[in-house]
Amino acid sequence: MIPPVLASGLAYAGAIALMACGITIIYMCTRTFNFAHATMATWGFYITYTCLMLYGGSPYQYFPLSFLFGALLGAICYFGVNRPLLKRKASEITLMMSTMGYDMALLATIQIFCDFLTYRLGLYPRMVTMSAYDVEVAGVSASTLVSVILAVSILTILHFFLTKTKFGIAMRATIENPVLASAIGIDSEKVYLTAWLLGGGLASLGGALASMVITGTPVMGNIIIVTMFAGSILGGLYSIYGSLLGGFVVGLAEYVGTYLLSLALGGWVLGYRMVVPLVIMAVTLLFVPRGLAGLPWEKLFRKIRAYVGGRLKGVGT
Amino acid sequence: MKLKIEPKELWNRFLVLMRSREGIVCLITAIGLSLITLTAAEPLAMFLSILATFSSFFIVTLSLNLETGETGIPQFGRVLAVLTGAFAVGAIPGRIMAWALGLPCGLDYGDDRVNYKVVPRINAVLEANPALSIGFFIFSLLIAALAGAAIGWLTSRPAIRLREAYLGISLLAFGDVFMWIGQNWEPLVGGTTGVFIPDPFRFTGGYRHIVMVSVMVGIAFLLFVFVEMLSRSPFGRTLKMLRDCELAANVYGRDIVKVRTRSLVLGSSIAAVGGGLYVIYVGSCKAATFNRVYWTFWPWAYMMLGGIGSHVGVFFGVMIFTMIRAFIVVKRHALMGVVPFDPIWLDTLLGGIVLILIVLFMPYGLIPEKPKTTLPHDKVEAMLKAVKQRVRGT
Numbered sequence: 051m052i053p054p055v056l057a058s059g060l061a062y063a064g065a066i067a068l069m070a071c072g073i074t075i076i077y078m079c080t081r082t083f084n085f086a087h088a089t090m091a092t093w094g095f096y097i098t099y100t101c102l103m104l105y106g107g108s109p110y111q112y113f114p115l116s117f118l119f120g121a122l123l124g125a126i127c128y129f130g131v132n133r134p135l136l137k138r139k140a141s142e143i144t145l146m147m148s149t150m151g152y153d154m155a156l157l158a159t160i161q162i163f164c165d166f167l168t169y170r171l172g173l174y175p176r177m178v179t180m181s182a183y184d185v186e187v188a189g190v191s192a193s194t195l196v197s198v199i200l201a202v203s204i205l206t207i208l209h210f211f212l213t214k215t216k217f218g219i220a221m222r223a224t225i226e227n228p229v230l231a232s233a234i235g236i237d238s239e240k241v242y243l244t245a246w247l248l249g250g251g252l253a254s255l256g257g258a259l260a261s262m263v264i265t266g267t268p269v270m271g272n273i274i275i276v277t278m279f280a281g282s283i284l285g286g287l288y289s290i291y292g293s294l295l296g297g298f299v300v301g302l303a304e305y306v307g308t309y310l311l312s313l314a315l316g317g318w319v320l321g322y323r324m325v326v327p328l329v330i331m332a333v334t335l336l337f338v339p340r341g342l343a344g345l346p347w348e349k350l351f352r353k354i355r356a357y358v359g360g361r362l363k364g365v366g367t
Numbered sequence: 002m003k004l005k006i007e008p009k010e011l012w013n014r015f016l017v018l019m020r021s022r023e024g025i026v027c028l029i030t031a032i033g034l035s036l037i038t039l040t041a042a043e044p045l046a047m048f049l050s051i052l053a054t055f056s057s058f059f060i061v062t063l064s065l066n067l068e069t070g071e072t073g074i075p076q077f078g079r080v081l082a083v084l085t086g087a088f089a090v091g092a093i094p095g096r097i098m099a100w101a102l103g104l105p106c107g108l109d110y111g112d113d114r115v116n117y118k119v120v121p122r123i124n125a126v127l128e129a130n131p132a133l134s135i136g137f138f139i140f141s142l143l144i145a146a147l148a149g150a151a152i153g154w155l156t157s158r159p160a161i162r163l164r165e166a167y168l169g170i171s172l173l174a175f176g177d178v179f180m181w182i183g184q185n186w187e188p189l190v191g192g193t194t195g196v197f198i199p200d201p202f203r204f205t206g207g208y209r210h211i212v213m214v215s216v217m218v219g220i221a222f223l224l225f226v227f228v229e230m231l232s233r234s235p236f237g238r239t240l241k242m243l244r245d246c247e248l249a250a251n252v253y254g255r256d257i258v259k260v261r262t263r264s265l266v267l268g269s270s271i272a273a274v275g276g277g278l279y280v281i282y283v284g285s286c287k288a289a290t291f292n293r294v295y296w297t298f299w300p301w302a303y304m305m306l307g308g309i310g311s312h313v314g315v316f317f318g319v320m321i322f323t324m325i326r327a328f329i330v331v332k333r334h335a336l337m338g339v340v341p342f343d344p345i346w347l348d349t350l351l352g353g354i355v356l357i358l359i360v361l362f363m364p365y366g367l368i369p370e371k372p373k374t375t376l377p378h379d380k381v382e383a384m385l386k387a388v389k390q391r392v393r394g395t
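Protein chains in written order, with our numbering: chain A, 51 to 367; chain B, 2 to 395.
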């Protein structure tokens, strides 16, 4: 019923949306632009893969485990690297650079883990096609359904968390004004830790999901990180909803847009997939620096409503 | 000026130097280098290969230090300029030679089935003609520098207006995407198979390795002197003013956009020379070699270890890391039995951990940046003496 390209495109876009959301949460709360997101995503994929190989079953049942492992990686990064630097009021560049070091170290641990899988368990972890373990539900591959369901449910959960719970509101206060928030007794360290837990978890979950549609390799995350960044920037870098939407748009544009272009121009276009997120990023930064979140949505809705209403009236008379 | 130093005075100065940070770092580096070279199976070849890797990375890290350490631009896309230089050297000079010799030089030069036949014939011509070889080498580097300057200017256009995080990500994305283009567009540098680079040092016969490495070290040294002089010049001081306080730079009438653009163009041009030298040394140019971890993250680690903003620090940072990495590569087989994985990953792990430790505990690196004196030390002393005399005279 859905063309297969669109189906995998939706799955990919959902994964990118989750990862972009993680980047945005961490950046909003701690001013840290997390380069280690790439390897956190790859770790999420390897956790799912290893469990699937060892215990069998469906890859989806290990997604919660991937999320927890990503959260653990985020917590390690927060306590080991980020917290001391935040206490020292380090500059944004220093914060970015420290996550770069963490990224390198994590990349090495992934490679070591792959060697372990190869030599000790006799697996072939360096080139994995996870879609072989996918199932079909009602004519659509499960990855598409899971991806869309996950993106929507995470959006809903985050929305309720940030607007209805006490801690979520405290978190928003810290994002708005850290000094004032701590003056009224909000523990900013708790907020930062939550950001890293959520961000890391979403990165790993997104990586596990992305591996259902693209080839899983030890550098998988490093290849798609530009797409994550583009999604986060398109979303405005200061809006969680924007980042989910931005990630979805960029992922879909990259996956489906390139495919449509290749139909028109020929197969050579497919090799230049990575140019799409860069172009989106550059256009956003040049023309809409505040991203999708900065667009006057309410005005737009009002205009559309007025327009539609006008047309309807015209029909009625 | 006459040099009049007693042996004892010299010894004392030596002791003072040895007690300073620079002295200790220098001593450790020297001991490490000699240990690694002497324990290798072929000491000379080992020494030369360390020096070759060192020079290309030293040039690249110097340029990074110029842009990040001195100007304060978060250059997370260093690989872009490096691969531009490498691609320029891979794509242009060889084609010109092929055209002059009447060989295929159009889009099919990048095809590996054509390329492996064309380049040996160019090499034969170069080998017979030393003057042409030298001209070819200098021309290649000039092309690399020009291409680097061009890409530096191009990236500076959108980049100059952005704030820290945005600027860093955009630069990183530029570098990644350009690598993808090189890997997919075969006519440029042969796509995934790469192209061979005509060898301009073939005429030296058996001394090729030594001559090539000496030239690389020489160029690295010249660029080091150039960057060091630059940072003492009014332009260099403007860069630091920009880094330390943009507002002050504005107040004193400095055009921030212009200064940043110049720094990016100059830095990219130097980095491109580094990339060009590297591919000439290796003899082939393959897009996949120029990935982010190798040519952006590692130079950052080198710079942070040495000391951000300090060119002497960069020298030691690159040297120490190059030695350790060479050591891991050499001892790979011996270590294979000790650890249950390929020991080559230890080097990435080490790089990441050192980077984190340096940021946390030693943010100014092994040899922190010092305020630069714009005049030579003895001239400053003489001036101080003259001032003192005049004060005493009144």
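No lab work stands behind these hints, which were simulated from the structure alone. Incorrect hints may have been included.
[Unchecked claim] Below, a list of computed lysine-lysine pairs in the DSS-like style, where the Cα atoms sit at most 30 Å apart:
{"#": "1", "chain 1": "A", "residue 1": "K353", "chain 2": "A", "residue 2": "K240"}
{"#": "2", "chain 1": "A", "residue 1": "K137", "chain 2": "B", "residue 2": "K259"}
{"#": "3", "chain 1": "B", "residue 1": "K259", "chain 2": "B", "residue 2": "K371"}
{"#": "4", "chain 1": "A", "residue 1": "K240", "chain 2": "A", "residue 2": "K363"}
{"#": "5", "chain 1": "B", "residue 1": "K373", "chain 2": "B", "residue 2": "K241"}
{"#": "6", "chain 1": "B", "residue 1": "K9", "chain 2": "A", "residue 2": "K139"}
{"#": "7", "chain 1": "B", "residue 1": "K389", "chain 2": "A", "residue 2": "K139"}
{"#": "8", "chain 1": "B", "residue 1": "K380", "chain 2": "A", "residue 2": "K139"}
{"#": "9", "chain 1": "B", "residue 1": "K287", "chain 2": "B", "residue 2": "K118"}
{"#": "10", "chain 1": "A", "residue 1": "K216", "chain 2": "A", "residue 2": "K240"}
{"#": "11", "chain 1": "A", "residue 1": "K240", "chain 2": "A", "residue 2": "K137"}
{"#": "12", "chain 1": "B", "residue 1": "K241", "chain 2": "A", "residue 2": "K137"}
{"#": "13", "chain 1": "A", "residue 1": "K240", "chain 2": "A", "residue 2": "K214"}
{"#": "14", "chain 1": "B", "residue 1": "K373", "chain 2": "B", "residue 2": "K389"}
{"#": "15", "chain 1": "B", "residue 1": "K380", "chain 2": "B", "residue 2": "K9"}
[Unchecked claim] Far from chain B, by Cβ distances over 12 Å, these chain A residues were calculated:
{"#": "16", "residue": "M103"}
{"#": "17", "residue": "V131"}
{"#": "18", "residue": "M147"}
Positions of the beta carbon are idealized from the N, C-alpha and C atoms, including for glycine.
Honestly, which of those hints from before does the structure not fit? 1, 2, 4, 6, 7, 8, 17 and 18
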